[in-house]
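Work out the full structure, taking the sequences as your base and the hints as a guide.
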Amino acid sequence: MDGAVPLFRMEGISKRYGGVRALEKAELSVTPGSIHAILGENGAGKSTLIKVMAGVVASDEGRMMLDGNEVSFASPAAANQAGIVCIFQELSLVPELSVADNIVISDPPKRFGMIDRKAQRRIAEEALARAGASDIHPLALVKDLPLSRRQMVEIAKALARKPRILILDEATSALTAADVARVFAVLKRLRSEGLALLYISHRMNEIAELADQCTVFRNGRNVASYAAGTKSDNEVVELMIGREYSHIFPPKPARAAAAATPVLEARSLSWTDRLHDVSLSVGAGEVVGLGGLDGQGQRELLLAFFGVLRGLSGQILIDGRPVAIASPAAARDDRIGMALIPEDRKTEGLMLPMTVRENLSFAALDRLSRAGIIDRAAEQRLIDDMVGLLAIKTAGLDIPVGALSGGNQQKVVIAKWLMRQPRIILLNDPTRGIDVGTKQELYQLMRKLADQGAAILFYSTDYDELIGCCDRVLVLYDGALKRELVGAEITERALIASALNIHEEMPKQGADA
Amino acid sequence: MKDWRYWLAEQRGTLLAFGIFIVMFVIYTSNHPAGFTANVVQTASNKGVLLAFVAMAQTLVVITAGIDLSVGMIFTLTNCLASWLVVGTGIETAFGVIAVLGTGLLCGAINGAIVIYGRLQPIVATIATGAVYFGIALLLRPFPGGSVNEGLADALTGRLFGIVPASLVTLLAVVLVVWVPFSRSVLGRAAYAAGSSEMAAYMSGVPIRRGKFAAYALAGLLAAIGGLFLTFFTYTGDAAYASGNAYTLFSIAAVVLGGVSLFGGKGSAIGAIFGALAFRTIGDLLFVFDFDPLWQPLFQGVILLIAVSLGAFALFRVRNRLEWFL
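Top to bottom, those sequences are chains A and B.
Reminder that position 442 of the first sequence reads as 568 in the numbering used here, one-by-one numbering, no gaps.
Reminder that position 7 of the second sequence reads as 32 in the numbering used here, one-by-one numbering, no gaps.
The hints are simulated quantities; they were obtained by calculation from the structure and are not laboratory data.
Warning: the hint list may mix true and false statements.
[To be verified] Straight-line alpha carbon distances no greater than 16 Å define the calculated EDC-like cross-link-like pairs of lysine to aspartate or glutamate that follow:
#1 A/K269 - B/E35
#2 B/K27 - A/E251
#3 A/K151 - A/E187
#4 A/K244 - B/D28
Computed from a predicted model, the values in this text were never measured in an experiment.
Following this line, the structure appears as structure tokens:
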């Protein structure tokens, strides 16, 4: 590869989202005829890098060179035109259209100004065959296909566009083992045909099998590039770690002997293909973290407890008694006393145009009213308590909650549920997109609630938080519990290794840790 | 080789509407005092195609996951305009027809521009433009009146070879000239894609805006064809508010009966046409059974409710309750 002219280069690419820097002077070169793997933990900047490359977002600074000429892409279509095709994690298929319609969607074959359906069918069949998915019928509607088949259609669609650079962003995450083998064969053939492939995956064994070159990202920067196979898994994990600890966490109490009956317990929970046989328990006063890479079933697990999923198998026990939780309304009922702080506060947590006051009292209205009439004085008292407890900064209670900062909005969501004095608190990545100061306040609050006897199940994509806040961390992979880390075992190395589902060699450091 | 199964699945809504229509129409004609005669078919066809045109218009917009509450008013406006312009010699009449259709196209284009480039919700935008279109219609025809080229009108509402209703032939021609090319063009596919998943369509580089704009503009054109036909049947222009609104609402009913999803991305104008014909026939059924016409709205409403409920069964299969709200 030495001396080869890179097909594509990115130089000094930076991108910020509000106050969060996603990319900081990132560099990347892509050579034809090779598979380049990109590694990094959650939020390291991989996805943003690819979005910039594929014309989905524009970078704030830096430049991109294709064949030695500077280029910029205003839209995904422009990137496609230049030969850069991306298979995104979130599928880009149109559900109500057929497989063939989707495969040719960017540039359908035309005859007399109309779409030539015969040619379309032919192109689709060729592309499906090239992707090793001839079992998919071109006339089937995409929405009727299972996720793994859709992923194959997505790959066929990308191939039909005759890419020079093909980007696969977690493209195998939904595939069955047989499909993965077929896709690998396809990718290797494409490489021999001279394509440049960028491969993003968290499966180390896949990278070992496929990649020629690897680049590790951390904190929005590329921190290392090396030829595949020259570093051990542990060295790679080492490269991915190394963020400075920037958060201050409240001290954890000495671990008390586990209470006789856990407040919340799950036995063999399974749901569709997203959760497999998950068993766990959370005791009073305990903060239990859910770790692992994004999208390994953590969100579904929380929704399962909160009564949102149908067709759940397994058992949920509250205080040792089996319960059936049929809806969020049932989950928040006093006998269960559960609260869920959702991940997307804008759609699942708040009614943005309504006032702070209204948003705060929504979840507790049944407690604050008698015969359907709201007791205004009681409402005011409780709201004052909450605003004080959480230090919500607002110009008034009667302004729309949408006018508050992200951190204060999140506090409103949390306060809204605390007004019910829940015994079980489920948090779904509650600190995403909020400032450091507010994060710290939330950590303190979490510990305080636990000390008051609440059972807390806390999912976070930020490993620092899991390390700093949790008494125990349960790591999920592919919808199943892979590992439980307790107390001093919760280290970044252990978290990343188990999130990637690789068996970390345990150096004997337990004694001096 | 089970292509036909996929074809069948895709056409299910259309075939169902066709089936409902045939059953209703058989019941209707077999109980009609005159029976299945060319005359009965002609009358039914003339009444049916009006709603069929408006329903086709509605289909185009609904496919993009929008809704057009101004179609009935475009229909009324073009009716009033036609009662002024579609008169005189052959040349004058021809220009009149072009002007009327052009006006419909313009109305649709305005709707599209407001929704797509002004980023207003379709429901709000078309309520407002619908009121404007009706206002113009009222200024054109404060009182019912005017006239139309009767030779042309009689030819298009009469029968070909003494049997086939000319209105039905016109409907078929419009399907072939407007709907078939649209549905098979890149713009048509863009309209479907935008209605089904606008984000996925955008990510795939589909010309979403042009597709949606074409759908709105052609909807205006189709509504104008309907308005023109109304003039041919009645020989007058009439800015009737109630009738304009009724056509808008019935067009939505016809679309739903015809298997077009109000969530967008699914269905065809052919289905909507049969939905419209079925809906009209249902209304006329009461007449042949000598019911009081007072029962008609109630009866139509119940039938519509049943038809819409059929479409909601899919919700029972949802396993993540949050998907109910998507």
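field: Pair hint B/K27 and A/E251, alpha-carbon separation not exceeding 16 Å
entry: holds (15 Å)
message: A/K151 and A/E187 were given as a pair; does the straight-line alpha-carbon distance stay at or below 16 Å?
response: holds (8 Å)
- request: Would you check the hint for A/K244 and B/D28, treating anything up to 16 Å between C-alpha atoms as holding?
  value: holds (13 Å)
field: 16 Å limit on alpha-carbon distance, applied to hinted pair A/K269 and B/E35
entry: At roughly 12 Å apart (the allowed maximum being 16 Å), B/E35 and A/K269 satisfy the hint.
Against the hints set out earlier in the document, no violation occurs for any number.
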